[in-house]
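Using the sequences and the accompanying hints, generate a full structural model.
Here is how the chains run, residue by residue.
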Amino acid sequence: MTVLAHPGRAGTGLTGTGVLATLALRRDRIGLAAAVYVITAGVAVTAWTLKRLYPTPAGRAALAGTAGANPALRFLYGRPDGTSLGSITTWRYGVWAGLFAALLAIFLVIRHTRSDEEAGRLELAGSAAVGRQAPLVAALVTAAAGVGAVSVLLCAVLPLTGLPAAGSALLALGIGCCGLAFTGIAAVAAQLASGARAARGIALGVLGAAFVLRGVGDAAGANGPSWLSWASPLAWIQLARPFAASDPWVLALPLAVGAAGTGLAFALAAHRDQGAGLLPDRPGRATASAALRGPFGLAWRLQRGALAGWAAGYAFIFAVCGAAAKGIGQLLGTSTALEREFTRLGGQAAITNAYLAALMLLAGLVAAAYAVSVIGRLRAEETGEAAEPVLATATGRVRWALSHIAVAAGGAALLLAVAGVAAGLGYGLRTGSAGTWVARMTGAALGQLPSAVVLAAVAIALFGLLPRASVGGAWTALGLVVVISLFGQALQLSHWILDVSPFSHAPRLPGGPVQAAPLLWLCAVALALSAAGLAGLRRRDIG
Amino acid sequence: MANAIEIRALRKSFGRTAALDGLDLEVRAGEVHAFLGPNGAGKTTTIRILLGLLRKDAGEAELLGGDPWRDAVTLHRRLAYVPGDVTLWPGLTGGEIIDLLGRLRGGLDSKRRQALTERFQLDPAKKARAYSKGNRQKVALIAALASDAELLLLDEPTAGLDPLMEATFRDCITEERQAGRTVLLSSHILAEAEALSDRVTIIRAGRAVETGTLAEMRHLTRDLVDAELAGPVRLDGLPGVHDLVTEGLRVRCEVDHGALDEVLGRLHQAGVRTLTCRPPTLEELFLRHYYSAERTVAGAPR
Chain A
3 MTVLAHPGRA GTGLTGTGVL ATLALRRDRI GLAAAVYVIT AGVAVTAWTL KRLYPTPAGR
63 AALAGTAGAN PALRFLYGRP DGTSLGSITT WRYGVWAGLF AALLAIFLVI RHTRSDEEAG
123 RLELAGSAAV GRQAPLVAAL VTAAAGVGAV SVLLCAVLPL TGLPAAGSAL LALGIGCCGL
183 AFTGIAAVAA QLASGARAAR GIALGVLGAA FVLRGVGDAA GANGPSWLSW ASPLAWIQLA
243 RPFAASDPWV LALPLAVGAA GTGLAFALAA HRDQGAGLLP DRPGRATASA ALRGPFGLAW
303 RLQRGALAGW AAGYAFIFAV CGAAAKGIGQ LLGTSTALER EFTRLGGQAA ITNAYLAALM
363 LLAGLVAAAY AVSVIGRLRA EETGEAAEPV LATATGRVRW ALSHIAVAAG GAALLLAVAG
423 VAAGLGYGLR TGSAGTWVAR MTGAALGQLP SAVVLAAVAI ALFGLLPRAS VGGAWTALGL
483 VVVISLFGQA LQLSHWILDV SPFSHAPRLP GGPVQAAPLL WLCAVALALS AAGLAGLRRR
543 DIG
Chain B
226 MANAIEIRAL RKSFGRTAAL DGLDLEVRAG EVHAFLGPNG AGKTTTIRIL LGLLRKDAGE
286 AELLGGDPWR DAVTLHRRLA YVPGDVTLWP GLTGGEIIDL LGRLRGGLDS KRRQALTERF
346 QLDPAKKARA YSKGNRQKVA LIAALASDAE LLLLDEPTAG LDPLMEATFR DCITEERQAG
406 RTVLLSSHIL AEAEALSDRV TIIRAGRAVE TGTLAEMRHL TRDLVDAELA GPVRLDGLPG
466 VHDLVTEGLR VRCEVDHGAL DEVLGRLHQA GVRTLTCRPP TLEELFLRHY YSAERTVAGA
526 PR
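One line per chain: the protein sequences are A and B, in this order.
Read in order, the letters of the first sequence correspond to residues 3 to 545 in the numbering used here.
Read in order, the letters of the second sequence correspond to residues 226 to 527 in the numbering used here.
I should point out that these hints are in silico values taken from the structure, not numbers from a laboratory.
Yeah, the Cβ is synthetic: ideal placement off N, Cα and C, and Gly gets one too.
Don't take every hint at face value.
What the hints assert, rightly or not - Simulated DEER-style distance windows between Cβ atoms:
| no. | chain 1 | residue 1 | chain 2 | residue 2 | range |
| --- | --- | --- | --- | --- | --- |
| 1 | A | G412 | B | R233 | 27 to 33 Å |
| 2 | B | P388 | A | A121 | 22 to 28 Å |
| 3 | A | A278 | B | T399 | 43 to 49 Å |
| 4 | B | R337 | A | R295 | 17 to 23 Å |
| 5 | B | D334 | A | A278 | 32 to 38 Å |
Dropping the structure here:
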């Protein structure tokens, strides 16, 4: 009787949204809080650092002038809009904070729609008294809550660094609205693709295109296609001109994109079956190719797509950053504090060398992150029970682990080589000596490889010896090393702590000396850690 | 080597829970051995120890004459395994996975692969993410059955298969037995075990509570007697008669083997209209083990 008494309620399709959204927030409480914190802290620390580095209006004016004149820097960060501290903060971090908010939104939406659908969890939830639209609404609510939290926190925190409240609010809203725009875009992507990976790929592709459009538009000269920026949600944060002639109506654009995306997603969702996408799943091979043979063939097959994506990203970013090296000395000359910092970070040679060396340090750290993520796949295969059928064949545990370890080490080497070649080309082509710089930068990048491999080896050791804590432990170790490498000297940490980071022992190239001993030591440490991990793996239970 | 699997007093704990508590299991070469028990009884743990994925705490386990932990890789060339919950790599097609698992094991009969793919009606060109549970199960089954392994370890292999495919699976297992392969079939589908297996082991809370051929197991238990009589009969109080139900001239009871002669004599005296006397089905045997055990545990003073 009660059921018949509420036919309208059953028909809304929204029944159960609250429960699902609460469940999503409950499942993500740690990761979501951490992501919100990192994005907020990134903006706040940027504002605080810029205040310290450029205390005078004259210094900031010089910075804005030089940065505005360098197309590569305009590509990376956008156009400086005024010389106040707020304007400089918006220039330096506005686009990137928007990018991170968009990433957060994309990962949340896909995770709570397609990933759950793929895992069959939505089916279970959907069989309960849950409306047809409820899971999508719950995912959108979760993503909106995440980017909304970023906005609210920034509104509160930015004025604490001394920025005007009105401008802070507009910047914070701009970043949040960018997240909302990509919430809508991700919702559409989730309907188009047939799986979580593909959906994430579509949404990330749109984000990448938005970054390039904005970059090209911002980098364009007076007669170039600078209108392109208006086509990119990432540019709207700066186009709303916080801390300058504020223009809040621009933020209607991301809100409109978000709303349109959401509407489209609901319309599309009504036309597809659970578990299927609107874009058809292409059939694959009915038999395995000769390359899919043995554990190494399998590991390569599982990881090659991701590696190709990473390599493309590396080539793009480091080519642009390398190109930005020309004229970097001029830019750094605007801040004595920054000049000191850069010379300390990258060795004592010329500022350009220091900048390029710092760039290679970044390449090394990110390559280490890649390697750690590849090793993490071992644990994911183990707990996801995909490792079990492999280990039940004539494949030993060590060989199985080595197959992914080979991808981690080889992939890190490939990424660093790409970074070196791209940065060398980017800088060399602009200075007219590409050949020399490609060789020099490739060497410089590969000098980071042993340090990156040490971090992968830490992940291997944890995987073998402390499997339950291995993924969290490896990423914590990486986080500590990143903090020590980037901020250790600024924080005046003791030598003992600095020496913990393998990147403290990597040669600072170009410009610095190369010593064989530290590199050999790093290799020895990596081998010892890996051997300990593999020995542990041989001894422990799987699963 | 008469036994493909020999397990004695095997123990394995996860933290404080004892998954296996002194398990004995003996699978003879060339037989289909059903390994029965409800969820959580320790069937999967046993198989994972046999696969060398888990390390035993105590006891002995021998697989194809070798040590499942130490000789894992060499032993795995001679066996094929179908997990109960098949997880596949979503980006690979079913055909690719079948070939890959075959190559990892050291070879695959491509003719058998083809034939089995047709028999199980699997579309091998589909990506694994598009497969239903039953289709994922088929991928693992085809990969295992197309190998020339001498031992098949099957952990609830028909979960998710439709009745038609289940029948195909039974045909395949019957053929495997005729070809001389040994099969350990872990299951809780008793009709399947009854139809396929030579011998049965029932496991409860990590311990084997019953093992033997179905005939042997039935011999040790009571027969079910159901009769309509011409006149009244007195059976209550007779030793060996249990669970007696009398409804007018109809009687139903369970009778120990030793008392059967006496009971039938009294029924005959009363005059028999209809009579069925049959051994219990595997399901009844199984349920009886579990119910009686639960009652014992529940009734035990703690």
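These are the hints, each one checked on the structure:
With their beta carbons about 46 Å apart, A/G412 and B/R233 fall outside the hinted range of 27 to 33 Å. Hint check: B/P388 to A/A121, Cβ distance near 27 Å, so the stated range 22 to 28 Å holds. For the pair A/A278 and B/T399, the beta carbons lie near 37 Å from each other, so the given range of 43 to 49 Å is not met. The hinted range of 17 to 23 Å is satisfied by B/R337 and A/R295, whose Cβ atoms lie roughly 19 Å apart.
Checked against the hint of 32 to 38 Å, the pair B/D334 and A/A278 passes, with Cβ atoms roughly 34 Å apart.
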